[in-house]
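Residues per chain, in single letters:
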Amino acid sequence: MTGIAAIDGGMSYHTRTLRRGKYARLFTSLIRPSDLGATDLGAFPTLLVPCRTNGQRLAGARAQLAAFMEAGGFLVVMGETRPDLFLDGVAVDPVPTNFWWWLENEGDLGLRITAPDHPLMSRLSQADLTWHVHGTLTLTGGGDTLAAWHEGAAGGPILIDSRRGRGRLLITTLDPIYHHGSGFMPATTRFLDVFLPWLAEETAAHIRGAAHV
Amino acid sequence: MSGRFLFLKNTVGTPGAIAAPPNGHEIAVLEQPAFTPDALETVCGLLLGQHLDEYHLGTLRPGLDAFLARGGAVATMGPIAVPYMSILRPHRPEGSGRRDDWVLEIAGDHPIVDGVSAGDITFRKGVVGFWARGSIAPPDDARIVTRFAATGAPADWVWHGPHGGKLFVHPGNDVWGYAQEPNSSARVFAQLLDWMAA
Numbered sequence: 001m002t003g004i005a006a007i008d009g010g011m012s013y014h015t016r017t018l019r020r021g022k023y024a025r026l027f028t029s030l031i032r033p034s035d036l037g038a039t040d041l042g043a044f045p046t047l048l049v050p051c052r053t054n055g056q057r058l059a060g061a062r063a064q065l066a067a068f069m070e071a072g073g074f075l076v077v078m079g080e081t082r083p084d085l086f087l088d089g090v091a092v093d094p095v096p097t098n099f100w101w102w103l104e105n106e107g108d109l110g111l112r113i114t115a116p117d118h119p120l121m122s123r124l125s126q127a128d129l130t131w132h133v134h135g136t137l138t139l140t141g142g143g144d145t146l147a148a149w150h151e152g153a154a155g156g157p158i159l160i161d162s163r164r165g166r167g168r169l170l171i172t173t174l175d176p177i178y179h180h181g182s183g184f185m186p187a188t189t190r191f192l193d194v195f196l197p198w199l200a201e202e203t204a205a206h207i208r209g210a211a212h213v
Numbered sequence: 214m215s216g217r218f219l220f221l222k223n224t225v226g227t228p229g230a231i232a233a234p235p236n237g238h239e240i241a242v243l244e245q246p247a248f249t250p251d252a253l254e255t256v257c258g259l260l261l262g263q264h265l266d267e268y269h270l271g272t273l274r275p276g277l278d279a280f281l282a283r284g285g286a287v288a289t290m291g292p293i294a295v296p297y298m299s300i301l302r303p304h305r306p307e308g309s310g311r312r313d314d315w316v317l318e319i320a321g322d323h324p325i326v327d328g329v330s331a332g333d334i335t336f337r338k339g340v341v342g343f344w345a346r347g348s349i350a351p352p353d354d355a356r357i358v359t360r361f362a363a364t365g366a367p368a369d370w371v372w373h374g375p376h377g378g379k380l381f382v383h384p385g386n387d388v389w390g391y392a393q394e395p396n397s398s399a400r401v402f403a404q405l406l407d408w409m410a411a
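In the order they appear, the protein sequences are chains A and B. All residue numbers for the first sequence refer to this note's numbering, where the first residue is 1 and numbers rise by one. All residue numbers for the second sequence refer to this note's numbering, where the first residue is 214 and numbers rise by one.
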């Protein structure tokens with residue numbers, strides 16, 4: 001497999017992002033949640049769990065997903081998926097959604113890029129990931145925090161890149177696929193315009209690296 | 214008149230207004246993968262939200278169509294990409310995302326929007342687009358409930374079948390998400406259930 005594999009939950013916003021439009025060519029395999037258990041994930045370098053995939057549907061795949069990363073796979077988990085239901089060592093602390101931050105707090109959501117030299121973040125401006133925040137993350141074993149949100153004493157990481165076994169976990173509470181696929185909030189499309197091609201490049205590099213081992 | 218409804222759930226949590234429905238209505242909550250049209254035998258109405266698996270629903274199209282045809286009531290939410298009932302069409306975006314594109318107006322008297330102001334469904338703290346950002350094309354004999362002010366394109370609409378079936382199509386965010394809003398948009402969900410049960 002040469003591209004990104006993704007879980008396809010069948011929601012309208014998954015269809016518009018994974019199957020239609022400018023990003024569809026980046027996805028070479030779409031896996032329905034009901035088919036996940038019978039799927040050999042070893043065939044895929046990268047597996048994306050898109051925004052608002054129902055985490056309950058993936059709960060039975062906890063060991064399978066852990067084994068995927070242990071064996072060198074790159075798992076990417078997006079926002080509003082309840083990753084605590086299907087991943088070990090992940091906690092999400094929900095944040096009340098503020099859709100109107102630009103009318104308050106002097107127009108500052110409180111989100112910051114914290115690793116500007118990371119290959120993904122160097123291509124993004126802060127505005128490209130600023131729409132709203134749903135929660136902060138805590139990972140057992142840590143990782144590199146790429147972006148964080150703070151409001152007063154509250155806050156924490158919202159985008160983390162970490163090693164898991166011989167593989168990798170990139171996890172965020174941002175939900176751009178939901179908004180892009182719903183035709184709402186243009187910043188989410190700007191984020192995906194950078195994020196998904198970067199993910200495709202990482203996937204291709206992963207394949208080339210594996211071929212040279 | 215209160216009714217018994219079925220709500221299909223494809224999220225981890227259950228929306229508050231679904232868990233505690235208004236006006237004496239009852240709503241049974243069923244995980245979507247467990248749904249078959251047999252579950253419609255004991256309810257008057259089916260509530261289909263924006264986070265459902267449209268491919269799964271599409272495999273059940275004959276049963277959903279039959280429920281509407283025999284007199285059942287169905288409410289659908291969201292910018293549908295893959296229509297799962299024969300009467301539905303894919304969502305078509307309205308305008309180009311400018312504020313004026315998504316300003317709504319009430320198209321006429323209807324019990325679902327009784328006492329509801331166009332401003333309250335159009336704006337949330339001055340922001341447009343939560344209620345509707347496009348159209349799901351209605352059949353010729355549908356009744357338009359709300360429409361886009363700039364173009365007259367339909368937003369919410371209802372359709373009555375020849376054997377008592379009722380369909381409410383809402384192309385935006387789930388209307389039960391407005392049940393706690395501090396304005397007239399909160400009336401819509403309760404009035405929708407009342408209309409479906411009548």
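Mixed in with the good hints, there may be bad ones.
[Stated by the list, open to error] Covered, in the sense of this in silico footprint (three residues per stretch, anywhere, with C-beta under 8 Å from a C-beta of chain A), are these stretches of chain B:
id : region
1  : 218-228
2  : 261-269
3  : 330-341
4  : 350-363
Hint data in this document are derived by calculation from the structure and do not stem from the laboratory. None of the values given here were measured: they were computed from a predicted structure. We treat Cβ as the ideally placed atom computed from N, Cα and C, and that holds for glycine.
Cross-check of the supplied hints:
no.: 1; hint: 218-228; in the structure: holds (count 3)
no.: 2; hint: 261-269; in the structure: holds (count 7)
no.: 3; hint: 330-341; in the structure: holds (count 4)
no.: 4; hint: 350-363; in the structure: violated (count 0)
The structure shown violates just one earlier hint, number 4.
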